[in-house]
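Enquirer: Letter by letter, the chains look like this.
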Amino acid sequence: MRVGICGGGPAGLYLAILLRRAGHEVALRERNPPGVTYGWGVVFSDESLAELRDADYETYLQIDAALVRWSSIDIHYAGERIRSTGHGFAAIARTTLLRLLAERAVALGADMAFSTEVPDDDPWAPFAGCDLVVAADGVRSALRAAQAAAFGSRFSPTASKYVWFGADMALPVFTFIFTPTAHGLFQVHAYPYDAHRSTFIVETSEAAWRSAGLDAMSEGDSLAFCQDLFAPYLGDHRLLSNESVWRTFVTVRNRSWHCQVGGQDVVLVGDAAHTAHFSIGSGTRLALDDAIALAKAFVASPGDRSAALAAYEGDRQPIVERFQEVATDSARYFESVGRYLGFAPEPFAFNLLTRSGRISHGNLTARDPVLVNRVDRRFVGAAAPRLVVPPPLLTPLRLAAGCELANRVVMAGPILEAAEDGRPGEAHASALEGVAATGAALVVTEEVAPVAGGRVTSGSPGLWNDDHTEGWAKVAARVHEAGARLALRLTHAGRRGSTQPRGRGLDRPLPAGGWRLVAPSPVPYTARSLRPEAMDAAAREAVRAAYGDAAARAADAGVDVLLLDMADGYLLASFLSPLTNPGDDRRDSYPLEVLAAVREAWPAGRPLAVRLVADDRFPGGLTAADGVILARRLAAGGAGLIDVAAGHTVPDAAADYRRLFNAGLADRIRNEAGVPVVVGGHITRLDEVNTVLAAGRADLCRLDPRTYLRGTPPSPG
Amino acid sequence: MRIGVGLPTSTPPSGPRHRGPELLTWATRAEAGPFASLGVTDRLVYDCTDPMVALAAAAAVTTRLRLVTMVVIGPIRPAAVLAAQAASLDALSGGRVTLGVSLGARHDDYDAAGADWRSRGRYLSDELAAMRDIWEGTSVGPRPASPGGPDLLVGGGSGPAFLRAARHADGYVHGGGPPRAFASAAERARAAWVDAGRPGEPQLWGQSYFSLADPDAGADYLRHYYAFTGPFAERVAAGLLDSPKAVREQVAGYAEGGCDELVLLPATSDPSELDRLADALA
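If you read the protein sequences in the order shown, they are chains A and B. As numbered in this note's numbering, residues 16 to 732 make up the first sequence, in order. As numbered in this note's numbering, residues 14 to 295 make up the second sequence, in order.
One chain only, chain A, in its complex shape (with noise of 0.2 angstroms):
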């Protein structure tokens, strides 16, 4: 086979390497002289160095002689240096790199060409009679333009800005920085690549670039600025620049990598295939690792170019997508990690190491269980000498002065639908003892309503009259000898209820034998759903009065904490939300007064939780922004806790329902909002509930039995 290569990086060079071994045909043509070379180091990791050594020993050997190696990470924040050991990597100067793949490329036989540019008009004419074009000419690639729909290209920014420096000095291990100025945070990504020299990449928000005058900077001032900011750390050594510009760091993403033009397969490796966010630093290690995967393709389906093609993007393209949405998560805490400047050393430390997923409570105890330790115990809130203490999960939360939960984990039980007349009987109590028996420190009942006309189904509990008092008061008594506290969900489903039972599809409606349905506005829930009449003055004091008895008579049945229910599209969720109540600027005025309505009647030393929706995840909705606005006035209406919800408030807002879904939104509400939440959203493993903790992302977390250690279990490194 001939194969034509744009582009002499790393992953051009190394794919010239293994298809020379294989006996191809190889020309690879690059812009630039030999030698010449952008940007510093490059890292790698101990998994990547270890399919170098399988792939090509030579290299692989002459590479290793080059490495700088470290183990730990510096922290430096807040006047404190965090050290986190047990994390293996090495890395190398670029041009050493380069020059040690285009020293082998050469050895092989393999025909390169430097200084060669390729032609704007015809792209493909230096790779005329080829039978592949590799388009590894990086995260502009010209071969890629030219066949963007064909590839399916898009493009991804980030928000933040960015800049590469070296530095004249090898520092001791891979090193953070974060420096928060007048014009707002800046951050430092550095590491050691050779015994002189380091990458030194600072980044920081677009309105603190622009606020700190960078953004009419010339290059010189900037590198300037630069030294000036972080001369603590480079005492007497300088920054250096090498077209060190601010960039904004683009994801690159495509649907195909390879296609036909006129007769020739293209396809693409490296940077032009993919980019991700350079704070996992693993642009190098993912380039390299297509190289072998292309390689190992052709050798797998000799004489069959489209099989291999194949076979290559399907090797490659989950592992890459996996990468860039840990890459995004890691993006993103770098474009939020201004609202954790509140945090301790020890969690802002854990949380910056746990911040993309790969890193969790469990595996970051077998890299450095001195660190976790020390996380630990600030969590508990124990000094030294003190070295036995619980894990996060198993960390006791005091709600209110007569609530202690015994551990950060709460469940739901099943939705029963089997009460009679909203009375709740043997069925509840023997299920929400039987939730209370797996451990879980809080049990949330399924919706109770307030008033009969604001259940979900017929079969749904409520807490209206004197009766239901008794029967809540059984569930109590039931799940505190269990050994857990009740939540009880209070909830008036407005334009959703009046449904049949939902074991065969939600919302739908009662044939015969419902009520009427109350809803801020008379729109109703789906095109099948009945339609809600408008609340007056009047209906809306009614409900706002029964909110308040029911919370008496939750108080008086022995319930521990009064959930309130401002979420999945009921009653008080759709007085919140624009989509639901257009036209009244003052959307959340009820939903507080029905929450004064609850405290007044809820004893003051029991806690009063709200579940909130924070996100409608719905065009013209509530927003994350929205959501830490409310979490802060129900907060400061008397609510001490929120449960973080989105969605639901219309019927097709869907989320994307990975792993810890709801994760970053808790996050958010829980440190803009200064508001203690729970969260829930797909948690399966006790281990997330631990790293969730530590890492001050949330206060306790809501498992699910029918997920709960169910599915796959996180991947990759």
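None of these hints come from the bench; they were simulated from the model. Cβ atoms here follow ideal geometry from the backbone N, Cα and C, with glycine treated the same way. All clues stand as given, with none of them false.
Distance ranges between label pairs, derived from CB positions:
1. Pro539(A) to Ser132(B): 14 to 24 angstroms
2. Pro212(B) to Thr196(A): 50 to 60 angstroms
3. Pro134(A) to Arg261(B): 47 to 57 angstroms
4. His495(A) to Thr76(B): 47 to 57 angstroms
5. Ala230(B) to Asp79(A): 40 to 50 angstroms
6. Ala80(A) to Tyr59(B): 57 to 67 angstroms
7. Pro384(A) to Ser132(B): 51 to 61 angstroms
Could you slot chain B onto chain A? The hints should help.
Expert: Below, chain B alone, put in the same frame as chain A:
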């Protein structure tokens, strides 16, 4: 995990022109094999035997197998028509129908049916709700044999598809791929189910193509059938289960991923493939 097998409704017929009798032979032999169901796919602008008609024919020569659509494209059929067809099939077969429904991925099927492509998501959500209402009611179509009508599955791989399954169906049907892809989709289907506040758990169904005697012919068929996906057709062909070992590994992988029923779809029409598949599963 149960194992089902597909009917060869869109593979090239092994007979001279049309695939009539061999579908019946295939169904009869499947009934005698270690299979729990017969599955059919749906495509309008292609040489594909209509899924509901094929299953009706299969119903006449079987008594045990479940009859499953993997999937029918919902929005190219009016809800009342699809509901009445499914209820009829369910009544004819003694309550053996599981109806998998999704959006499909091809514009041409919508154009040929005169259906609107842009509103297809909203249409499908309402169609699912409408069919259940029709089956429980008395005004449209025959009374299905299954109480409340056939089980409904929803296919697709996006957030809206998982939400649709959670809101309106009895489970989720995956579109095919390696076990890891199934497991990841199944997990999201379960997560959406819990998030939507739906009681119970979703049924989780998977599908894979197999061709044991003539894998090259099977791969050619898949390249042709999936040509509309561009280079992805090669990926589908590469996933073909072409040996007993590949079948067994796929079965083990899907079982581990929590699949309730894996339907193995034929990529060639030769009924002796059923024996080979049964041997591979034994």
